[in-house]
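Residue numbers (the UniProt record's numbering), protein chains in the order written: chain A, 1 to 242; chain B, 1 to 242; chain C, 1 to 242; chain D, 1 to 242; chain E, 1 to 242; chain F, 1 to 242.
Each hint should be verified, as a subset may be incorrect.
The list makes no distinction among identical chains, and a pair is therefore deemed to hold if it is satisfied within one copy or across any two copies.
Pairs of lysine to aspartate or glutamate, DMTMM-like flavour, derived with a Cα cap of 25 Å [said to hold, decoys possible]:
1. 57 / 210
2. 85 / 7
3. 57 / 185
4. 108 / 185
5. 108 / 210
6. 57 / 149
7. 83 / 145
8. 57 / 12
9. 108 / 20
10. 150 / 185
11. 57 / 11
12. 150 / 80
13. 83 / 210
14. 108 / 12
15. 156 / 145
16. 85 / 201
It should be emphasised that the hints constitute simulated quantities derived from the structure, not laboratory data. On a predicted model such as this, the values are computed, not experimentally measured, just so you know.
There are 6 protein chains.
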Amino acid sequence: MTDTRIDGRADDELRSVTIERGWSEQAEGSALISFGRTRVLCTASLTAGVPRWLTGKGRGWVTAEYAMLPRATNSRSDRESVKGKIGGRTHEISRLIGRSMRAVVDTKALGENTIVVDCDVLQADGGTRTAAITGAFVALSDAIDWAVEKRLVSAKATPLTDSVSAVSVGIVSGRPMLDLAYTEDVRAETDMNIVVNGSGDFIEVQGTAEGAPFNRDELNALLDLGVLGGSRLAQLQREAFA
Amino acid sequence: MTDTRIDGRADDELRSVTIERGWSEQAEGSALISFGRTRVLCTASLTAGVPRWLTGKGRGWVTAEYAMLPRATNSRSDRESVKGKIGGRTHEISRLIGRSMRAVVDTKALGENTIVVDCDVLQADGGTRTAAITGAFVALSDAIDWAVEKRLVSAKATPLTDSVSAVSVGIVSGRPMLDLAYTEDVRAETDMNIVVNGSGDFIEVQGTAEGAPFNRDELNALLDLGVLGGSRLAQLQREAFA
Amino acid sequence: MTDTRIDGRADDELRSVTIERGWSEQAEGSALISFGRTRVLCTASLTAGVPRWLTGKGRGWVTAEYAMLPRATNSRSDRESVKGKIGGRTHEISRLIGRSMRAVVDTKALGENTIVVDCDVLQADGGTRTAAITGAFVALSDAIDWAVEKRLVSAKATPLTDSVSAVSVGIVSGRPMLDLAYTEDVRAETDMNIVVNGSGDFIEVQGTAEGAPFNRDELNALLDLGVLGGSRLAQLQREAFA
Amino acid sequence: MTDTRIDGRADDELRSVTIERGWSEQAEGSALISFGRTRVLCTASLTAGVPRWLTGKGRGWVTAEYAMLPRATNSRSDRESVKGKIGGRTHEISRLIGRSMRAVVDTKALGENTIVVDCDVLQADGGTRTAAITGAFVALSDAIDWAVEKRLVSAKATPLTDSVSAVSVGIVSGRPMLDLAYTEDVRAETDMNIVVNGSGDFIEVQGTAEGAPFNRDELNALLDLGVLGGSRLAQLQREAFA
Amino acid sequence: MTDTRIDGRADDELRSVTIERGWSEQAEGSALISFGRTRVLCTASLTAGVPRWLTGKGRGWVTAEYAMLPRATNSRSDRESVKGKIGGRTHEISRLIGRSMRAVVDTKALGENTIVVDCDVLQADGGTRTAAITGAFVALSDAIDWAVEKRLVSAKATPLTDSVSAVSVGIVSGRPMLDLAYTEDVRAETDMNIVVNGSGDFIEVQGTAEGAPFNRDELNALLDLGVLGGSRLAQLQREAFA
Amino acid sequence: MTDTRIDGRADDELRSVTIERGWSEQAEGSALISFGRTRVLCTASLTAGVPRWLTGKGRGWVTAEYAMLPRATNSRSDRESVKGKIGGRTHEISRLIGRSMRAVVDTKALGENTIVVDCDVLQADGGTRTAAITGAFVALSDAIDWAVEKRLVSAKATPLTDSVSAVSVGIVSGRPMLDLAYTEDVRAETDMNIVVNGSGDFIEVQGTAEGAPFNRDELNALLDLGVLGGSRLAQLQREAFA
């Protein structure tokens, strides 16, 4: 019996994470992030003004959209634009990313500006939503810095209240593991995505029993791993900004 | 400072829950469930055969759809059928209900039969997804009994491996509370939906910081309340079947 | 040869009709109406303002939407929201209900207010559109009373010019019959829906030869039955308001 | 007070009706029909085989689709193909034409063949649906003759059981009138479309109170006019085939 | 070996072209144009005002929509309105017609008016897009004359800078040919659509190798033919206006 | 007056072109291609089998889809998946890429296999469709080599009959120029896309007068430039394969 995972990692080890800021020269903020073979291009588009329902309240708006290229995965999927509708999974992840970003933005300080974060998965190998959140924060932060420089946002009170990152954890063959690759994800009995801020507090916790239900001890082990992974990702984000 | 909630409940108290089995005479199984003023009509439709991608594998399929009547809420919403697309929230809840049902069904024992559970919210006052899951299980169970009686499913090994129920919990004004009504839900700093089986193990845990992030102690308090609520709901389900 | 119908009714007899006002606590007016096993939840939502094309003309607007729960019928139908488009039958009935309501509303007296009547069929056993119209009037009337109370509409001149109800009639096995149940409807040679006001005048007459064409005598017999049914339903509406 | 109508017709007079058979050289049957300035191109497409739900029953299928060119009317309407959905009115008329055609077709005699009748309004001046039905029958009949010639349908028992035509009637300024032009139609208090077979029996009767409800005497006067108009149209159809 | 084409034409000969102005009495400008059996109804709808993105710039807007009746072709196609989306070919041709019209309109001189040109193919036998462009210009021109007469557009500076027409050319069995009929089009090795103004300059050139790639000499031969056809069509347009 | 272009290039000079084969590890063939700042990810997905309408004919199928990330451009565009329909421009370019690929594939030699080429624009600075075609060929070629290696396609007769590349040319300020960047493209009087095979013959020629019409001399100058650019791109493709 082996103690290591398919790719040789320890159970509490992240895949190799790289963050390339400014990959897209068109957006106000952007980052190409990879968690192993998973690669997500995150752009943050900042424009003056807010949606109509928010007009005149002195507050900004942050939202997100997630999508996958048709051949990001091992076999090609039909484009949602061709099908004419967005699938449930896409909707769900877009909403999760949007909530995660809003959790660290003070919309008063943002002023009447709108930021749309786009996370497009160029290559998928498990953990696309958590890579997307982690990269989206970098793009978001750079877009806000751009806005401060352009004097669209006041330099006195930054709209960012903290950083945010996300990681997947799961129980595979009875062992709690951090940052599942695709082959681990499909075999996981329990699958959990954990979004934490830079202080290690929870922004979102989503755990699902894929096989047997999980008990409180298992849940606790997964939460421990998630908080650990989150603190490492926060460190990698800080290094990217350095 | 008051110790009770708007409707006079204690923090760890469910709203009045009623379950009316067989409310729809057309479906193989059905239940009109209410959590206070929240009212959801759940029907389970069982048909022989499975979707094409599952044909010939000797296993059944369970799926769910959630929807709201346009005037279930305090102000009317446009119908998704008129808009021509299903919103993200609807998709997300439909998927959650489906996963929750599948977590307690042995699809081998179900044989090549398909069950579609429809949860239509007739009146909404918070907690519609948790009421839907709790009621859906009752409809599902009755549909399976119907199938056993019709000899579509073998009486020897019931496809149901356990019961399942769900409840919302949240932190409102700093206090962890069980089964939030709408007015509590909109004020909650943290909002969590917990799906448990009849043994009190977790099937799904979804917690979201609506305001400030939550720490591990708060998370633990919410999980305790959720497990408590789940065990009461399991008891109410048993009484409904009696 | 038997003189009575499947459910023991005489040819000119309505099914048991019940009208439960205020079933939905959220809407300005609501009624759960049943014609035998057919059950329709009707809500009337009144909001200040009118659609843009009517702005500034000092007149109100009344419209209606009809829909069926997927398992209202004996076998499950796909949701129109999932299919992404509304079928012809749904459109046709929504338009009929809207015209029927507008026929008894003085839109000048309504002022610049909009009423949307939603008729959702919870259980279907024939005659859903006629039950919907009959119940919709009750919901509409209660919503207008609410608006008068809230001083959104003047108490001096009620916008309602009359009541309205509807009933189906048909020729089954050569015999004209009132208020067809589903099993009668599918066997009918001629099928007719008649919408009358409280004075017994016609608002809408829609007759279709399902089998052989019908002659003038048959048409007259059906019209006689429809007027008779309409006057009984008007009486039941008055009792509901008492 | 004037005794004649805007265009000089008597109250019981049809507009000038022309029927040009074979206008479309591509279809198995076709007719360009005009009722005054209303012009509808009707084509009947006959193909071997039936929709899946009808396969193997030895019966054929007839259906219809109605549409308007965007500039058929006085001001341009958006295309339904561009809007991405078909409006309620279009659906309703398509269904009416289909039912009217099926009322005179013996689907057993048609054999497992499908006929799709397309009615495209090239220019609209009131009465488009009735012109469409009247022209559709001509196209349908020619398509069936084509099929008999090609031995797709047996020559022994023609699938056509009768002819069918339709005309609008209405009460304008208190006077019952036949075949309303657009300017009459918009002023009509009551509007009725009557579909009759060649023997003068009713296939469909659809009357709507646009203003005040109508009484039995008015209804009778409209039915008389409709039957009269139907018999003249049947004569014009016979002349077209001569 | 024969020197003439299927229908007896010489290689550089157009089919018989007819242009019937004012065929639609509803539109500001209209023309029914035929290139042999290909028949397209073109209408130009002129309304005051421009799309929002153009407001206040003192310029007008011209756009076009192309569509085919379902039975314009030899076998029936599904309606794009029923399918709920417009196909790529339709989009492409609509865009081409719009660009071709805009190429001869001075939008400053047009003032803040919008013209929508609709080209509906009533019967198709090859070359529908080129017939559409040639007829669209006639409808456009008449609509502008109408606007000048109504003083919506100044008579001093006509918005039309030139005329525009289009023709297809292709290489069939190695021979360059003008104005391909459908049976020639499907056999063509190279297919080209050429849009020219009244002076013989190019507005659009679109050539596609359907079989083997084409060389510069072949391209030149096709361009020569296209210019020749364009000058003949310009002459026919002038005659139609005479 | 200056002789060079904004970015210092000569009029007949391509931008810097890079081709990174195998950028996507999931697809059978892939290439990240850049023309200056324009960056397109091309993947070719090869699967056994063909669409139903081609089954049993012993021939393969090649098709393409083009799309842009929402923030590929200078300001963000709405996603077509969110809008629920694909725009005309997207359709047109997808069709162009598909035709260009099919022009160099012998579908008999491909056997009953399907190749879908996806071209997703990650960053746009003019010439996205021509970069897409040039990169798509590289991905296509690698996918075919993969299939030969897997013995899905015979090694004896390669399905590729030639190479294919594309380049834009245009007249800017009266000067014919090769490979327009975005700022040149928006100022071009005439814009042309030229698709050539490796032998310099034409596969597609699409020229559009954006401002004034163009004459034969201008057209000839553009064709010369296009052929020149195509031969350089063919050379770069060969180097990428080396």
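The hints, checked one at a time:
no., hint, result
1, 57 / 210, "between (43 Å within a copy, 19 Å between copies)"
2, 85 / 7, "neither (36 Å within a copy, 41 Å between copies)"
3, 57 / 185, "between (43 Å within a copy, 23 Å between copies)"
4, 108 / 185, "between (39 Å within a copy, 23 Å between copies)"
5, 108 / 210, "between (40 Å within a copy, 16 Å between copies)"
6, 57 / 149, "within (23 Å within a copy, 32 Å between copies)"
7, 83 / 145, "neither (37 Å within a copy, 30 Å between copies)"
8, 57 / 12, "neither (45 Å within a copy, 36 Å between copies)"
9, 108 / 20, "neither (29 Å within a copy, 44 Å between copies)"
10, 150 / 185, "neither (43 Å within a copy, 28 Å between copies)"
11, 57 / 11, "neither (48 Å within a copy, 34 Å between copies)"
12, 150 / 80, "neither (36 Å within a copy, 30 Å between copies)"
13, 83 / 210, "neither (28 Å within a copy, 28 Å between copies)"
14, 108 / 12, "neither (38 Å within a copy, 35 Å between copies)"
15, 156 / 145, "within (12 Å within a copy, 55 Å between copies)"
16, 85 / 201, "neither (35 Å within a copy, 36 Å between copies)"
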